[in-house]
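K.L.:
Letter by letter, the chains look like this.
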Amino acid sequence: MNPRLPFALIAISCLLIMLLAAGFAPEHLAEKVPELKWAGPAGLPPFGADDGGRALLDYAMQGARVVAVPSLIAGLVVAGFATLGGVLRAMGVGWLDRMLQAGGEVVGALPRMVVVLVVALVVPDEWRGLLPLAVTWALLSAPGAMDEAAAVAERLGGSRFVEALRAHGYSARRVYLYHIVALNLRPVVVRQAAEVMMQVVFLEIGLSYIAEEENQADFTHPANLKSWANLLKLGYASLVVDVPSGHALALGVALIGVVAVMSLALGRAVSAR
Amino acid sequence: MKQWWLRPAVRIGAALLLPVVVPAIITLLLWALPGDPVSIICPEELCTGGAALAEKWNLDRGPLHFYGSWLGGAIGGDFGATWRWQAGTPIAGLMAESTPTTLALLGFALVSVGLGTVVGASQRLPRRALAVAQVVGLVPGIVLALAGAAWIELTYGAASFVGPAAWARLLVGAGVIGLADGALSGAVSGTDGLFRAESRQRYVGIAILRGERVLSNTLPNVTPALAGQLRARTLHLLSGAVIVEAVVGIDGLGDLLLRGALHQDFGLVLASATAFAVFSSVLLLGQAAVEIATAVIVRRAPPGVLGGP
Amino acid sequence: MALNKSLLTAGALTLAVIGTGATLAYNEESLPTTMNPLFAASMVDYRSQELVFDRLWFHDAVTNELKSRVVAKHEIVDGGKGVKITLVPGIKWHNGKSLTSKDVCFTVDAMLDPKTASPVASAYREKLSGCETSGNNSAVIKFKKVFHNPREQLGFAILPQSAFSSTAITPELDFSARPTGTGPFKGSRGRRGVIFDAVANGHHAPKIAQLQLSEGGDPQIQVKTIVNNGVQGIIAVPPPYRPDLSASDDVALKSYDLRSWWFIAVNTSKGALADKRVRQALNVLIDRTELRQLSIGVKPGEQNSPCEFISGPFVQSSPYYNRAVDVTETADKAKAEALLKEAGLDNGAGTWAYEGQPINLKIGMLAPLNNEAPDLMSQVGNQLGAAGFQRQEFKISTDEWNRKAVTGQLEDYDLLIGKWSFGLDENVNDLFHSRKGITGRKNIFNYSDADVDKHLQAYDASRTDTAARDAYHALHETLAEELPYLFLWKLDTKSAWRTEVRGNIIAPYYYFTEIDAWKYAK
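Residue numbers (the numbering used here), protein chains in the order written: chain A, 1 to 273; chain B, 1001 to 1309; chain C, 2001 to 2522.
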């Protein structure tokens, strides 16, 4: 059996779980049921209830809906840029390469959180969501990914590698798409994309928490949806005060675990032979 | 690349430009925000005098004029005072108080990342230990930060921002950004992967046959990439510092940046963003220095070995 | 040098008079954004500034009587268009200089200066026309018109002329962070809080040496911290956490009269909501008893509830509240359905439609209200959803609320959930008058109704308390019929203080007006 297959299966399973949860997430949380306040998983299966007796399952699904598609798109954006960086280095267009490098240094040096916050504040209500922020984050992360992919292409020999393969009679399309991108850039491109997907989830949690704490409008989702940050905020209290919300914390951590496992498994599944 | 000096030269050029270009870009971004500080303090439906205030704050003649006047003041060390977050407090004083704090936070956090890099480079870390590091990285930073901040507040009460409590906050913050959200595991696995890939190169096999050590052969070749990784990780830590400082309650630059952005306190945002840009510049210069040093060493090596001429 | 000497003298005097005080630490809702009274934008700002400054006149926290600590005597002059004041002698600023009539007139001039970009000053520009000193101790403050209660119009904090270079005052001046006042405490803003050091003066003798204001974070942690004596006070305890504190022998809950009432503003110029019958239907669809239970935790029939329903724009204890207008406590779905059908709405597919289009209500709420009434917006949304309305929900930050909602620019919303807070002056004219120039300047959805304007003008023209009350009773009745707002409730604000803090009278609105009487011994 291909040793990378289990990782691929794990990554696909995690992604499917997220997408399914997002697809079936309720539009609004249900009415509060005071009698079920802090009910554990046994009291309200499968994950228990919040302080208003509402199912944590709804929190989990709504949180997945907030992050699933934007994180996926952010990953694709980074993958695209990383591929471009690698291919350009392989093409050996020196002036373009250096311009991109200089531009990348500037973009990479921008304080990401400020740029993201400004974008969050600029976005009108109707467009409010994680997607614009995730794409911004991906664009700010792209220079690093391009740099790493370019380094891989350079280690191959850059334009000399292309020339050598062309001398063997391969078409330019095959050289770039198969030999360079699919065989050599793939591990770094997919790993970078997977890392950015995970970072977008962490970003969403951080921003949702800040919006709540600072009494701002929700940056990443409309007010009728709950973020996984809400689960973590409900749950952390169980660590420091006598609030029976440990099940919310466990669920929040488990959900982030799913994302992290997906990211790691994706990286392993496409690693170089 | 034949002209080995080009890449570090671009980095040095970018490093010199960053402290000027970053605030310029941030100014343009701030200009896109809905409303401006004057219209928040003094909405024209409720208040007159907004025009005079906009003129005093250089908000009346577009972003270029604002940026120019801000830059002129900043070069002379005058960052002005905050407009909204802590109205009247000199920004230079806030910066002076915050910069060492953020540097200390970063320094403590880099201890774990540095250790991770050394462990990764040693290639002696068992796969299981790597898995453990990855599990540690799964713990969301926000949970650690919230729990840590709450514990400090409960322990120190009203004195939870001074003396030992401030140090406790710093250490909790450093622990959070250094360990959680994949920082440590990323350092270990990133470095490990880099060295593993390099050690599979043919020249390393030949070196082993000649009785040489793997590390002494791979290190010169991976050093530039390693420097790039470290710079990226440090920048990532700096990004993380913005949220962690705010959640844990650390009086650093990240906290200033966040407060400034949320309150549309333009002067505060620009000053702290410039400080971040200066950090980035220093990191870029460091990376360029590593690249130059490596190139010099490699060029001295015998032809055909270690990529020499 | 002279300043240093004055500070030393003031410090020595402070130590001599205050003697044995201790530091009293308390948690506020947030940190004050400014200590300059001209730029106060939140209740935290007002409360903090009350410690540092003297207002010309204020209301006694116990008797409601209008008093002044700085005016020794006054007389009405110029046919009612002016008040001549004589200052109490011997009052010093925190920098050691004497308070003079020049300071009073400087404050008036600063507020009248069109370059002072301050909503507080702008409001005074509508009332005041100038100020003239006569000697060091006397001044005449002039009005633009005759007021039946002129001293009520003079509740501004006095600023020191010596601290400013001109009457054009801006928010970023050093004064905003380190103000100089004549109040009982000298304030100094830090990164994580404000330290207030007691300053003895001829007219103030605080018994607490130092106050320390910090920003309160998670209420759960705040509650535990005060029980552990980590801090001694919390200014505002959200209702869900009050039972925990009531159970503690070491902490007392104290009422803070903010006269604030909650509402859902209705966009009367948008689609179906322009029809009064639709607004009336929404009013009877909202089950306030259930809302109160699910968001604030008040059980039906609970005695001493912190939440009292209202039917108009005043709290029930106000003389302006019209008791003849009944409150709507529970939902009446049949009545709502009849009203909606009468208004031409169709509920064919289980969703109410207007002119063939399903109604999708865009609901917004001022974000900080979620701390006091968790999930209120989502509960309102659920009730409307259950009744057959589609909805979208958005939180609105305080900045956006002040800049756009209050100024009538959030017209794409259908419903906005908010809260207004008042001192003893419960003037609501700015909220409901048609927007014309500066009138109706806080009219959220630019509501306009001739009858309402007539009542508001009658209040404005009233020269007696009875006339004012009659005008507002009529207004209450009209608004309850027209429903530009769905009136919800008055929600008590409660503070928590350790029992070691004694004599802590909490003044309405400004909170610390009687701080001189507070004592604290560990």
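Check before you lean on any hint, since a few could be wrong.
What the hints assert, rightly or not - Dumping the calculated DMTMM-like pairs for lysine to aspartate or glutamate here, alpha-carbon to alpha-carbon at most 25 Å:
#1 2097/C x 35/A
#2 2362/C x 242/A
#3 2333/C x 125/A
#4 2362/C x 31/A
#5 2270/C x 125/A
#6 2419/C x 214/A
#7 2419/C x 2337/C
#8 2115/C x 1045/B
#9 2519/C x 2257/C
#10 2224/C x 242/A
#11 2084/C x 2326/C
#12 2333/C x 31/A
#13 2299/C x 125/A
#14 2442/C x 2060/C
Since the hints were made in silico from the structure, they are not lab data.
K.L.:
Looking at the structure, which of the earlier hints fail to hold?
P.N.:
Result: hints 1, 2, 3, 7, 11, 13 and 14 break, sorted rising.
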